[in-house]
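Residue numbering for the sequence shown follows the working numbering, starting at 87 and increasing by one per position.
Just so you know, not all the hints are guaranteed correct.
FRET-style restraints, in silico, Cβ to Cβ [unchecked claim]: (1) 375 - 193: 20 to 30 Å; (2) 176 - 274: 14 to 24 Å; (3) 405 - 173: 18 to 28 Å; (4) 171 - 400: 23 to 33 Å; (5) 420 - 186: 18 to 28 Å; (6) 417 - 240: 39 to 49 Å.
Under the rule of at most 25 Å between Cα atoms (straight-line distance), these lysine-lysine pairs were calculated in the DSS-like manner [stated by the list, open to error]: (7) 221 - 158; (8) 357 - 389; (9) 396 - 406; (10) 357 - 221; (11) 268 - 149; (12) 268 - 331.
Treat the hints as calculated values from the structure; they're not laboratory data.
Just so it is clear, CB atoms sit at the ideal spot from N, CA and C, and this is done for glycine as well.
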Amino acid sequence: MNKKPTPNPLGPSYYLVSVRNTPVRKRFGAKGNWIKSEFTFQLTIQGMATCPTRSKYIKQVGKYLLGLPLAKNSPKAITSWIAREDGTSNFRIVRIINLVEDVGITNEEIQKGKVFIQNELYLLQLLEGEPGIMKHYGMFRDNVDGQNNNCYSRICSVVDCYVPHDFSPAYRSLTNLYFYMKEVKRISEEEAIRLFIQCLAILVRVHEMHIVHRDLTMSNYVLDKRTGQIQLVNFGMGSLLTHEKELVPIQPGSPLYFSPEIIKGRPHLGKPADMWAMGVIFYGMLYSEFPFYACDLPSLYAKIGSGTYKIPINKPASPKSVRIIEGIFNLNPEERLTCQQVLDDLLTSPLLVTPSLQVVPSTDQTDSENYPGPKTIRRFPLSYDSKGEVRLKYAEVMRYQRLMFPSQNPPITAAS
Numbered sequence: 087m088n089k090k091p092t093p094n095p096l097g098p099s100y101y102l103v104s105v106r107n108t109p110v111r112k113r114f115g116a117k118g119n120w121i122k123s124e125f126t127f128q129l130t131i132q133g134m135a136t137c138p139t140r141s142k143y144i145k146q147v148g149k150y151l152l153g154l155p156l157a158k159n160s161p162k163a164i165t166s167w168i169a170r171e172d173g174t175s176n177f178r179i180v181r182i183i184n185l186v187e188d189v190g191i192t193n194e195e196i197q198k199g200k201v202f203i204q205n206e207l208y209l210l211q212l213l214e215g216e217p218g219i220m221k222h223y224g225m226f227r228d229n230v231d232g233q234n235n236n237c238y239s240r241i242c243s244v245v246d247c248y249v250p251h252d253f254s255p256a257y258r259s260l261t262n263l264y265f266y267m268k269e270v271k272r273i274s275e276e277e278a279i280r281l282f283i284q285c286l287a288i289l290v291r292v293h294e295m296h297i298v299h300r301d302l303t304m305s306n307y308v309l310d311k312r313t314g315q316i317q318l319v320n321f322g323m324g325s326l327l328t329h330e331k332e333l334v335p336i337q338p339g340s341p342l343y344f345s346p347e348i349i350k351g352r353p354h355l356g357k358p359a360d361m362w363a364m365g366v367i368f369y370g371m372l373y374s375e376f377p378f379y380a381c382d383l384p385s386l387y388a389k390i391g392s393g394t395y396k397i398p399i400n401k402p403a404s405p406k407s408v409r410i411i412e413g414i415f416n417l418n419p420e421e422r423l424t425c426q427q428v429l430d431d432l433l434t435s436p437l438l439v440t441p442s443l444q445v446v447p448s449t450d451q452t453d454s455e456n457y458p459g460p461k462t463i464r465r466f467p468l469s470y471d472s473k474g475e476v477r478l479k480y481a482e483v484m485r486y487q488r489l490m491f492p493s494q495n496p497p498i499t500a501a502s
């Protein structure tokens, strides 16, 4: 028998009906209705779900219904959720920052979180329309009632859903390269090259826009197993360069993908560091293991710093692939292979028998719709084109970051 509805502390709009003294645990996306009363409205959620929400209440941010939380990453102040746009079957990732200090979350962490999501928004606006780049659906601010009816603000950022779930069939085939490799154990060199060519083609466009990702990992390349298409996600740590010799500050990331210049703890060139991480990804796809691995960080950094890795004898690869790995793992960042050089080399691989079998077209095809020709590439120095306003906003974010965290962002540039 239904009891009196229980008010939701997150706001007066929702009430949860209890049955047999136990809160109804609705499956996010499963068929079910919230009880309509004079204070509420009827909400129907459609879809196919296999996991119940862990929260007692369904939450809403703007027009997005929040479902399962994702694992917390850096910065700690940000929580990410799978969310569905109300009235549609479109799923997104909503990143939320509560603008109040909480247990373990300091004001400095909140400020870092704000810089992170603003940085991601502006970089994705600059990359808008580029193939293989996650889409951004805006950022907004709202207010919410806390447990003690205290009102506080939160900042919300909405991006493409890039994690697999069973709430909608369209998202079941999503994975990332790391979990894909764990699932299949080993792939052929031909498949590794085809996947890596897609990764490179995306990064070429990013670098041509003078943007460095700075957190390139297998986990940040999302693969749709149904279509074979790859997407690059998580641009919150990226940087927009003003010139080729600009040094970027050190930033948290995965040590397995760190380049030798990063582990020195000093500002470094961004594009070569991105390419070192791409070398780790390519090696991982070819040999199903990491090139630099150790049981502790000092040992790992020692291997990275000296460029000590092995080519497995029991997992042979073509001489061209081995040569590319050696060229990427060059300890001198200025002599390291560039993204365009590696892409051009792999597109002529004998494993790609005919041009029709290429995963992506060559970037020098000026009539390509997805990969525009050289006329559309922005060259240095940067000019304020149609996206000049976005660039100005990005510059404001970077100035704010330098003011907030001066020790992490020294204004240093490389010698000419």
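With 18 to 28 Å as the target window, see if residue 405 and residue 173 comply at their CB atoms. violated, 56 Å
Would you check the hint for residue 357 and residue 389, treating anything up to 25 Å between C-alpha atoms as holding? Roughly 21 Å between the alpha carbons, so the hint for residue 357 and residue 389 holds.
Measure nothing beyond the straight line between the CA atoms of residue 357 and residue 221; if it is 25 Å or shorter, mark the hint as holding. holds, 22 Å
With the threshold set at 25 Å, check whether the alpha-carbon distance from residue 221 to residue 158 stays at or below it. Holds, at about 21 Å.
Given hint residue 149 paired with residue 268 - CA-CA distance at most 25 Å: violated, 36 Å
Taking the CB of residue 176 and the CB of residue 274, does the distance hold inside 14 to 24 Å? violated, 35 Å
Pairwise beta carbon distance, residue 171 to residue 400, judged against the given window 23 to 33 Å: For residue 171 and residue 400 the Cβ distance comes to about 49 Å; the hint is violated.
Restraint status (C-alpha distance of residue 268 to residue 331 at most 25 Å): violated, 37 Å
20 to 30 Å as the expected CB spacing between residue 193 and residue 375, which holds or is violated: At roughly 42 Å between Cβ atoms, residue 193 and residue 375 fall outside 20 to 30 Å, so the hint is violated.
Against the range 18 to 28 Å, how does the distance between the Cβ atoms of residue 420 and residue 186 compare: consistent or not? Hint violated: Cβ distance 46 Å, outside 18 to 28 Å.
Starting from the hint 39 to 49 Å, judge whether the C-beta atoms of residue 417 and residue 240 obey it. holds, 45 Å
Could you grab the alpha-carbon distance between residue 396 and residue 406 and see if it respects the 25 Å cut-off? holds, 16 Å
Consistency note: the structure conflicts with the earlier hints numbered 1, 2, 3, 4, 5, 11, 12.
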